[in-house]
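Produce the entire structure from the sequences given, and follow the hints as far as they go.
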Amino acid sequence: MTRYEEFDSLRGLAALIVLIGHYLMIYPSYANYQYGSNSSYIIYLFKETPLRLFFSSGNESVILFFVLSGFVLYLSVNSAKFHYSTYLIKRVFRIYIPYLVAISVAIFSKMILSNIDLPYITDWFNKSWTSQDTPSLLIEHLLFIGQYNTDAYNNVIWSLVHEMRISIIFPVLIFLFVRKKLKYSLLWLFVLIFSSTIFLFLFGSGGDITSILLSFHYITLFLMGAIIAKYRHELFSYTLKKKKPVKIALLLGAITCFMYEGMIGEVDFLNNYIFRDYVVSFGVCIFIIMSVCSPKISAVLRSRLLTLLGKISYSLYLYHLISLFSLMYLFYNKLPTGLILIFSFFLSFLLSSASYLLVEKPCMRLGSYFTRNKQEKVISKDHIALKRKIG
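Convert by adding 291 to the 1-based position in the sequence shown; the result is the number in the numbering used here.
Computed list of lysine-lysine pairs in DSBU-like fashion (alpha-carbon distance at most 35 Å, straight line):
(1) K535 <-> K587
(2) K652 <-> K587
(3) K471 <-> K538
(4) K472 <-> K381
(5) K521 <-> K535
(6) K535 <-> K471
(7) K538 <-> K472
(8) K587 <-> K533
(9) K372 <-> K521
(10) K535 <-> K338
(11) K474 <-> K521
(12) K534 <-> K521
(13) K534 <-> K338
(14) K538 <-> K338
(15) K521 <-> K533
(16) K652 <-> K381
The calculated label-pair distances, taken between Cβ atoms and stated as ranges, are:
(17) F492 <-> Y660: 42 to 50 Å
(18) F373 <-> S528: 20 to 28 Å
(19) S328 <-> R656: 47 to 55 Å
(20) K533 <-> L467: 32 to 40 Å
If you're looking for bench data, these hints aren't it; they were derived computationally from the structure. No residue lacks a Cβ here, since even glycine has one placed at the ideal position from N, Cα and C.
So, in C-alpha cells, the structure goes:
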C-alpha cells in the first residue's frame with residue numbers, strides 16, 4: 292500500500308492548529324467572540340482574516356482528519372491482502388489503545404489536580420474537569436464509542452468516537468457506496484449528504500456531540516476521502532499536467548473554503564455547521580490533491596520537521612489539553628496566563644513524543660504481531676492458487 296508522507300504532515304499541522312485554537316480559548320475575548328461584535332482588533336484578525344487559517348481552524352482541522360482517514364482506510368480496505376478481522380485489530384491498536392492510555396492519564400490528572408478551586412475562566416474551560424467522577428462515567432469512557440459526556444476529562448475525544456465507529460463499518464460503506472463508476476459513487480454521496488442533512492435539521496438540534504446522527508453526517512466526509520483515493524491516479528495525473536497559475540488558483544480556492552466560517556460569519560443561514568462542513572471538506576479535498584501534485588508543497592510537507600510533527604500528531608491531539616488543564620490548575624494566579632500557555636505548549640510536545648515512542652509505536656507493532664499469522668495464511672493461499680494456475 293502506497294504511503295503518502297504528505298498526509299502525515301497535514302495531520303501534524305492540523306493537530307497543531309487544534310492546539311493553538313484550544314489554548315486561545317483560555318481568553319474570554321476569544322472564547323466568547325461573536326461575528327459583528329465590537330471585539331478587540333487582534334481577535335478580529337484571528338477570526339475573520341487569513342490569520343484564521345492558523346488560529347481559529349480547529350473544527351476545520353477535524354474535518355481534514357476525517358477526509359484523510361477516508362482516503363487512507365480506502366487504500367487499506369481495497370488492498371488485495373484485506374481481511375476484516377486483521378483490519379479491525381489494527382484499528383483497535385492504532386486508535387483505541389493509545390486513547391485508553393491517554394484518557395487514563397487525563398482521569399488521573401483530573402482526580403489529583405481539580406480539587407484546587409479556580410475562578411471562572413471561560414465556559415469552554417469550565418465544562419471540563421468539573422464533573423463528578425462516577426462509575427458510569429468511567430465505564431462510558433472505557434467503552435469509548437457510546438454517547439456520553441466527552442468533555443468530562445478530555446474534550447477532543449468526541450471526534451475519536453466518530454472515527455472509531457465509522458472505522459468499524461467502513462468496509463461495508465465502501466462496498467455499498469463507492470461503486471465501479473464515478474458517477475454512481477457521486478450519486479450515492481449526494482444522496483447520503485442530502486439524507487444526513489435532512490435528519491440533522493429535523494432531529495439533531497438537541498443532539499449530543501457524539502450522537503449517531505452526527506456519525507452519519509461524518510460518514511459522508513470519510514466517503515469523500517475514499518472517492519479521492521479510488522480515483523487518485525487520474526486526479527493526480529490530471530492536476531500534475533496543469534500549469535502553475537491553475538495550481539495557485541486551486542490552492543487559493545482550498546484556503547478560501549477552509550476559511551469559510553470567518554468569511555460569512557454574520558450570515559446565520561450560511562454559517563451552520565452542516566453547510567460549513569461541506570464547504571470546508573471541498574477545500575480539504577483540494578489540499579489533499581495539491582499536497583501530492585505540487586512539487587513545492589510536497590517538498591515542504593516531506594521536510595524533516597513536518598514529518599516528525601506528523602508522526603506525533605495523534606498523541607499531540609490526545610495530550611495537549613491534558614497538559615493545558617494540568618498546568619492551569621497548578622499555576623493559575625501564580626504565573627501569567629501567557630507563560631502557562633508557553634510551558635503547556637512545550638509539555639504537550641514532550642508528552643506527545645513520549646506517547647508516540649512508548650505507546651503508539653508498540654501498539655502498532657502489537658497490531659502487526661497479532662495479525663501476522665492471518666496475513667501469512669492469506670499470502671500462502673494466494674501462493675497455492677498461483678501455483679495451481681501455473682500447473
